[in-house]
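Following the hints, position chains B, X and G against chain F.
Here's the letter readout for the chains.
4 protein chains.
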Amino acid sequence: MISSNTAPQAAPKKVVLAYSGGLDTSIILKWLQTEYDCEVITFTADLGQGEELEPARAKAEMLGIKPENIHIEDLREEFVRDYVFPMFRANAQYEGLYLLGTSIARPLISKRLVEIAAQHGADAVSHGATGKGNDQVRFELAAYALNPEIVVIAPWREWDLGSRTKLLEFAEQNQIPIAKDKRGEAPFSVDANLLHTSSEGKVLEDPAEDAPDYVYQRSVHPEDAPDTPEYIEIEFEKGDPVAINGEKMSPATILTELNEYGRKHGIGRLDLVEGRYVGMKSRGIYETPGGTILLDAHRGIESITMDRGAMHLKDELMPKYAELIYNGYWFSPEREMLQAAIDLSQEHVTGTVRMKLYKGLARVVGRWSDHSLYSEEHVTFEEDMGAYDQTDAAGFIQLNALRLKLIAMRNKRVK
Amino acid sequence: MISSNTAPQAAPKKVVLAYSGGLDTSIILKWLQTEYDCEVITFTADLGQGEELEPARAKAEMLGIKPENIHIEDLREEFVRDYVFPMFRANAQYEGLYLLGTSIARPLISKRLVEIAAQHGADAVSHGATGKGNDQVRFELAAYALNPEIVVIAPWREWDLGSRTKLLEFAEQNQIPIAKDKRGEAPFSVDANLLHTSSEGKVLEDPAEDAPDYVYQRSVHPEDAPDTPEYIEIEFEKGDPVAINGEKMSPATILTELNEYGRKHGIGRLDLVEGRYVGMKSRGIYETPGGTILLDAHRGIESITMDRGAMHLKDELMPKYAELIYNGYWFSPEREMLQAAIDLSQEHVTGTVRMKLYKGLARVVGRWSDHSLYSEEHVTFEEDMGAYDQTDAAGFIQLNALRLKLIAMRNKRVK
Amino acid sequence: MISSNTAPQAAPKKVVLAYSGGLDTSIILKWLQTEYDCEVITFTADLGQGEELEPARAKAEMLGIKPENIHIEDLREEFVRDYVFPMFRANAQYEGLYLLGTSIARPLISKRLVEIAAQHGADAVSHGATGKGNDQVRFELAAYALNPEIVVIAPWREWDLGSRTKLLEFAEQNQIPIAKDKRGEAPFSVDANLLHTSSEGKVLEDPAEDAPDYVYQRSVHPEDAPDTPEYIEIEFEKGDPVAINGEKMSPATILTELNEYGRKHGIGRLDLVEGRYVGMKSRGIYETPGGTILLDAHRGIESITMDRGAMHLKDELMPKYAELIYNGYWFSPEREMLQAAIDLSQEHVTGTVRMKLYKGLARVVGRWSDHSLYSEEHVTFEEDMGAYDQTDAAGFIQLNALRLKLIAMRNKRVK
Amino acid sequence: MISSNTAPQAAPKKVVLAYSGGLDTSIILKWLQTEYDCEVITFTADLGQGEELEPARAKAEMLGIKPENIHIEDLREEFVRDYVFPMFRANAQYEGLYLLGTSIARPLISKRLVEIAAQHGADAVSHGATGKGNDQVRFELAAYALNPEIVVIAPWREWDLGSRTKLLEFAEQNQIPIAKDKRGEAPFSVDANLLHTSSEGKVLEDPAEDAPDYVYQRSVHPEDAPDTPEYIEIEFEKGDPVAINGEKMSPATILTELNEYGRKHGIGRLDLVEGRYVGMKSRGIYETPGGTILLDAHRGIESITMDRGAMHLKDELMPKYAELIYNGYWFSPEREMLQAAIDLSQEHVTGTVRMKLYKGLARVVGRWSDHSLYSEEHVTFEEDMGAYDQTDAAGFIQLNALRLKLIAMRNKRVK
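Protein chains in written order, with UniProt numbering: chain F, 1 to 415; chain B, 1 to 415; chain X, 1 to 415; chain G, 1 to 415.
Honestly, the hints are just simulated from the structure, not real lab data.
Because the structure is a prediction, the values reported are computed rather than measured.
Any given hint could be a false lead.
Since the list gives no way to pick one copy over another, a pair counts as held whenever it fits inside one copy or between any two copies.
As the list claims (entries may be wrong) - In silico BS3-like links for lysine-lysine, alpha-carbon gap of 27 Å or less:
#1 Lys-182 with Lys-202
#2 Lys-180 with Lys-356
#3 Lys-356 with Lys-166
#4 Lys-202 with Lys-356
#5 Lys-248 with Lys-415
#6 Lys-356 with Lys-264
#7 Lys-412 with Lys-238
#8 Lys-238 with Lys-320
#9 Lys-13 with Lys-320
With the rest of the complex left out, here is chain F (with noise of 0.2 Å):
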């Protein structure tokens, strides 16, 4: 029976956490076994964030987490290929511009949360993700799509740790180490995965405000980028980048390497107010090296291949689709309806992109694919041997015309 989780009815016995290893979950996971006395299952993800995961696995055992309890994996290729690129075949930008990079690893974090607890026969999962961002619904969301019984623990809704003082008190309490920067409070918060890193909060919560140089973090200063272009290849099949510079690699080794692109030319730096799916507006950071890149030269390819009618109907089924993965509804019947559409206007997307980058620019500056769709012969300034007959035209907007003509009639008549 689907129960409303608000307030679990029974305690759960088993909890699967969603461990960085960091203070803060770590803080979580000694909350879980005290307030709830259960048995906590962690799980840490390598998406690309960067950071070693071992250092969780000791932490863990440190906390008493049992061995056979501690889930490390690294999940890097699976995000690429079944997350980050299927969104991007949608070049899907929320709200104009933002790259969903923090939204799309939510649902594969829930879904592994979710398998693990089947495996060890957990009844809850748990997330560090406050009361009062976009995280927790996608958490959620995605587990509950995949697990209707499942019931989620949301520390920061609940406890009343909600101070710094309060946490590092709890911490000292039960035995949990505080490294000597986490002392302090950070000036800003991070996510970071393989696709984005993203900065909020705090020093950044003025937007009149520019962001202070040091909260970039994964790319040069445009200023100090090398002052000489760069030109790469990028090789699209089916809508997905194959290859760089002719070198065909896996989806998580692509992304890696346009990332280090990205990085050294200053790509993909992003200040936005954006507007959460809980109601207000935030400001964030991000930097989206490799993806920025992607977007563009993904364009850049669909542009020769992919038929206007279906571009057409692409872009403007785009902002639902980017809102859907923004707020959280991953696996939901019309994301799955969307992707469908999309995924099927990805077949002839397959060709090269030629790309400057310069100075915190992508650009395309060359595309060509045997699926091209682009027709020298008709386009022509030159005489095109009969492919095109120019009085075409004049039916062609006499009829598109006659419509108009309709209305002007009337409104001269009745006005």
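Just chains B, X and G now, with coordinates in the frame of chain F:
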């Protein structure tokens, strides 16, 4: 009565010609006189293309046009105020990227052609657009929408002067002076106005090949732009820019100024393959220096002053709106309906955006407004004094999850 | 300051209650007095539900409400003019079928609640909607949109009077008179106003079972309707009906009249399972006699007066518009944006429609208008005297086919 | 090479003609032989139009067509299975009402024309649609999409046999037998197939006038339908009907059966003015007896088996989907994208609907399914045993209201 204009029944007696003063439209002028034996009225407009207009007067007179039949007008303010700015309120981008610089100029030219025709009692208008492009459609749909009885003469679809050689022969036979640099073929074709310059054809016809440097005429190469970023503040009122760095300016002046900033920093270059309304794909090089800054700045001010619901609706409507303008339906009821919705959304889009301009890139780095919806009180990582109750999020998630849970239960049951 | 109203910090001192005079809202009235120890102001509106309002005054006085705190208003004209008709301009149908009769009444009630609260200096409003339905959402979103500082008290979500027995006990303990027919449980729940009557719950909860005949209260059974069809002519101005059979009437009068026609002919019954905003599906029996006639008639007059481009855009926007109203977002910027677009489309929706009413069915059988876009001259099978040149169609088809041909060539090449 | 087919360069040698055996297409047959001096192959298809096909064979032979060049095919099952049912999955209605009965038949005819052309090595196809209607566009877009090199001959746009008199003269001169009832002009024009019968033109050209009774040929007048309602149960699997009253049937059989029910009860008549793709409005009388029942039944089974998110997306996509079919873009990538999304949504649209048929009206009165998402447990007015926590609604409303509150605060502040 509306009649089909494909083969105008009665030959027109008076024709208003969109006349640039250049070789091609001078040939059209002469051809109209000889082919149709009609009185020609010339209309030459300054839309900010950066050319002197007075030589067009002299040339028209030389070709036998009566002084009272020569119309030369500065339409820059009207163009920016009534066409460019309304379009930018929508953040319109065709196929995700193109800022519609050519498309948006056509309706205004047609409007004036039709108005001047009415003033002179002329029964036809004429333009110099070819039969393969979008511009013929835009000119003619606009003309028919404004006067359903007007006849449109499109010489490029009618005459047999299809090659350069024939054109030059015709010019020589008719004493039309040919500038020395017009003897040879231009290496590509150019259209320009205050919003943008587009280049296409000939050397640009292979989309695999980089555009040669000399194609870009409106902006410095990013590599040659200043090594130091420049910051500007753009002030908006109800969605339109009204001041730069605190100085109020008219619409055309502000766009001219933004163009200057863009030009200097190499901003607004676009190398695009696009789907034409007439069915084939074409490749264009666009330079929209001021417009590119304006688009980002406008999104920036919207980001703090426009509600999420309004913005997402606007984003969903945008591709259709852009398509309508691209295809020539500015004067259509559906474009006007969308405009009504978009304009309403701009009522509070008032405030200031701070932009960083550097080496081809314009980025928002700050924004503020009395109309801001951003609430530090709600979003803060600090204690929010009760502005937001985090436990509300639990109910929010539960109810949003309910349908997903019901699906999951069903799918488990029937599979 | 906006504060979260889930747990109102300071107990409200004065509350405006949406009061029907019935048992349930009388219990709420008493409960508010005792639970919150606050002054209660009652608001009773005539939206055409077909009940006497004066008994509500007597009842309120009996329950101790001061005469100056009793508001009884006839809102029928405002309801139809400012809510029902604007919605019908959109041909709004939720999930393809539901005419939104309940949804559209809520915003007006909330608007008056908030206005009366302002007038009395009241800090809260209260309603009798349950915690499972859409109405709570509609009441509250509207109230918060109009006054962000208002507190909303929803007793059904707060009290422990969840069962019929407890309610009756409370009524007895508090000397609230209980009509004899209210002792037992009603076999289903009803909401009514000038637009519709909805019935749901209890005997209707199994969607496999036909609704019992006695559920329908607003229309005769089609089987009992007259055996002879009746024809009426409805005249529209700018999208709104203004006369029936040549007789001009006010908005509420015209809807009342259409209801009478619909009732007599058994028109407007709907047995629907719909997706609620709060996540579950529910089954309702709707009777919308006049509205069903109006919808078809409105489509009929649009069919000759509205251009295809406008109509298709409107049709695409409609589902979103209907969803917004259903979900309670009448007072939202996105509903207002859509309304602006829709209203603009109605400028020429003026003319007359002839309807045939017979045994449950309302069908358009004729329509005429000075604003008609229908051109017999163009469409005729007879010789059209040059109004339309059939050879134009060849060019029209060729250019529309071009992209499809290019796709076909490509697909042949690469497969 | 694709060439413009407006004026086919080389005269076609072999033409496949869509041949009904009637007078008009017999004249076309002869005209093709004489005008183009080409070999004609006839294709006569049974799409359920209710006419014998064998007379077409005799007539073709009489007109000199070689037996091996005569193709007569029963396409009813393919038509319903691959065209009608996929379209009904979308609940497609053009301009809100039209079930697209003519539009959906054209692509299949073109597909067979092109396939037969390939089989015979023919270089052209030909059809009997006029130059004012939509059908020419549908035939030709489909043909070009399937074979970009095919030539299409549309005699009605080419010849000078524009009047009835000239046609009859041509027939007499060419020994084409003229049935007695074809001497005079038909009072209106008819198209029929298994899905619908449409009538238009002549006596129907004034949209203010009721259609004469004799126009309706496919259904009894509602007034003459049985005085007692009839109930049927339609079973669906994955969105398609598969059985009536428990009896499994093939696609064409089930539609035939539904037509019989509809005919008997006077269901599915529509008197519509619609906007043609070629620009003018036209008035048609449509009879879609089985399809009208099917549409309502399909919505009925969707209402309990399809999630709200999927359904609302589908409703938003429908107008565009219907427009594409109406305009002739069945074989376009964008129709296929939409179909992919729609088909995915039908995976669980399995179950049974009970319909009441009476005097022109088909109404859903019950529906049940193993795949149902309807949860009595959640929706019940009774105690729900914890399935739904009503207090969740408070948080749900608060967070959904937050943005509206922020708008209201802002508007108060700046006004």
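Outcome of the hint check:
no. : hint                 : verdict
1   : Lys-182 with Lys-202 : within (15 Å within a copy, 58 Å between copies)
2   : Lys-180 with Lys-356 : neither (43 Å within a copy, 36 Å between copies)
3   : Lys-356 with Lys-166 : neither (50 Å within a copy, 41 Å between copies)
4   : Lys-202 with Lys-356 : between (36 Å within a copy, 22 Å between copies)
5   : Lys-248 with Lys-415 : between (66 Å within a copy, 22 Å between copies)
6   : Lys-356 with Lys-264 : both (13 Å within a copy, 20 Å between copies)
7   : Lys-412 with Lys-238 : between (52 Å within a copy, 17 Å between copies)
8   : Lys-238 with Lys-320 : both (22 Å within a copy, 25 Å between copies)
9   : Lys-13 with Lys-320  : neither (39 Å within a copy, 43 Å between copies)
The structure fails hints 2, 3 and 9 (numbered hints given earlier, in ascending order).
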